Amino acid sequence: GAVVSQHPSWVICKSGTSVKIECRSLDFQATTMFWYRQFPKQSLMLMATSNEGSKATYEQGVEKDKFLINHASLTLSTLTVTSAHPEDSSFYICSARDSGRGPNNEQFFGPGTRLTVL
Amino acid sequence: SQQGEEDPQALSIQEGENATMNCSYKTSINNLQWYRQNSGRGLVHLILIRSNEREKHSGRLRVTLDTSKKSSSLLITASRAADTASYFCARGTGGYNKLIFGAGTRLAVHP
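Top to bottom, those sequences are chains A and B. Counting with our numbering, you get residues 1 to 118 for the letters of the first sequence. Counting with our numbering, you get residues 119 to 229 for the letters of the second sequence.
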């Protein structure tokens with residue numbers, strides 16, 4: 001299957017700082033990328049859907065000014081957690097798919113980024 | 119809540135036994151997907167079953183889909199200790215097929 005990478009794999013930051021997480025599709029064009037958050041021992045919660053060249057669509061309850069998403073190219077999406085606080089500590093996972101292939105093709109998931117805010 | 123229902127929340131079995139996990143949802147779907155996740159790690163895609171399919175197999179995995187009952191099940195036959203993980207169903211919905219995950223089942227397979 002196709003490969004999706006995330007960078008960094010883990011990050012520790014101080015409260016109040018901003019953290020940028022990158023999601024890259026390495027061998028396919030990802031017209032659509034998704035960002036998820038997973039708290040310990042819980043399931044994945046979809047945060048937003050981003051399409052290349054357009055604004056992201058955020059799920060209900062997700063603050064768009066807090067979680068800035070940029071999908072500037074067909075292989076890269078970034079999630080910036082602004083003014084991070086300890087409650088933002090979580091496992092952030094991205095996924096990518098070629099939405100031009102229809103709804104039934106697979107999404108490919110990145111390995112995740114563990115964010116710890118002190 | 120985004121999450122659909124998944125049961126059981128936890129399942130503990132012996133090696134060689136079969137494990138069945140169930141998933142229910144409320145809205146229409148394009149497809150239903152099952153994923154596995156080892157503790158603290160990324161997701162592994164197991165099977166995608168389309169809304170017009172009823173059953174799908176992959177190795178020791180068997181997935182069924184009943185759209186009239188809005189439910190799906192994942193059966194792992196002849197389980198192994200290495201199958202120990204969390205299993206999630208995810209319904210694909212909308213034009214971009216965004217995935218909405220169920221709460222997950224923690225499977226423990228004892229040698």
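Hints should not be assumed to be uniformly reliable.
Said to hold, decoys possible - Here are the simulated SDA-like cross-link-like pairs (lysine to any residue), alpha carbons at most 20 Å apart as the crow flies:
1) A:41 <-> B:158
2) A:41 <-> B:130
3) B:144 <-> B:213
4) B:144 <-> A:46
5) A:41 <-> B:163
6) B:174 <-> A:103
7) B:174 <-> A:104
8) B:144 <-> A:22
9) A:41 <-> B:144
10) A:41 <-> B:213
11) A:41 <-> B:221
12) A:41 <-> B:226
13) A:41 <-> B:129
14) A:41 <-> B:174
15) A:64 <-> A:104
16) A:41 <-> B:123
17) A:41 <-> B:148
18) B:174 <-> A:106
If you're looking for bench data, these hints aren't it; they were derived computationally from the structure. Being a predicted model, the structure only gives us computed values, none of them experimental.
Problem set entry | Given hint residue 213 of chain B paired with residue 41 of chain A - CA-CA distance at most 20 Å | violated (30 Å)
Exercise. Does residue 22 of chain A lie within 20 Å of residue 144 of chain B when you go C-alpha to C-alpha?
Worked result: Given that 20 Å is the threshold and the Cα spacing comes to 33 Å, the pair is violated.
Exercise. Are the Cα positions of residue 41 of chain A and residue 148 of chain B separated by 20 Å at most?
Worked result: Violated, at roughly 27 Å.
For this session: Given the hint that residue 64 of chain A pairs with residue 104 of chain A, test it: the Cα-Cα distance must not exceed 20 Å.
Result: The given pair, whose Cα atoms are some 28 Å apart, is violated under the 20 Å limit.
Exercise. Are residue 41 of chain A and residue 129 of chain B close enough, with their CA atoms no more than 20 Å apart?
Worked result: holds (15 Å)
Exercise. For the pair supplied as a hint, residue 41 of chain A and residue 123 of chain B, is the alpha-carbon distance within the 20 Å limit?
Worked result: holds (15 Å)
Exercise. Quick one, are residue 174 of chain B and residue 103 of chain A close enough, alpha carbons at most 20 Å?
Worked result: holds (18 Å)
Exercise. Does the alpha-carbon distance linking residue 144 of chain B and residue 213 of chain B stay inside the 20 Å limit?
Worked result: Given pair residue 144 of chain B, residue 213 of chain B holds - Cα atoms ~18 Å apart, limit 20 Å.
Exercise. Taken at face value, is the distance from the CA of residue 221 of chain B to the CA of residue 41 of chain A at most 20 Å?
Worked result: The hint holds at about 10 Å.
Exercise. Going straight from one Cα to the other, do residue 41 of chain A and residue 158 of chain B come out at no more than 20 Å?
Worked result: Measuring from Cα to Cα gives roughly 9 Å; hence the hint holds.
Exercise. Taking 20 Å as the top limit, are the C-alpha atoms of residue 41 of chain A and residue 226 of chain B close enough?
Worked result: Given that 20 Å is the threshold and the Cα spacing comes to 14 Å, the pair holds.
Exercise. Is residue 144 of chain B close enough to residue 46 of chain A, meaning Cα to Cα at most 20 Å?
Worked result: Satisfied, since the Cα-Cα distance of roughly 17 Å is no more than 20 Å.
Checked against the numbered hints above, the structure violates hints 8, 9, 10, 14, 15 and 17; every other hint is satisfied.
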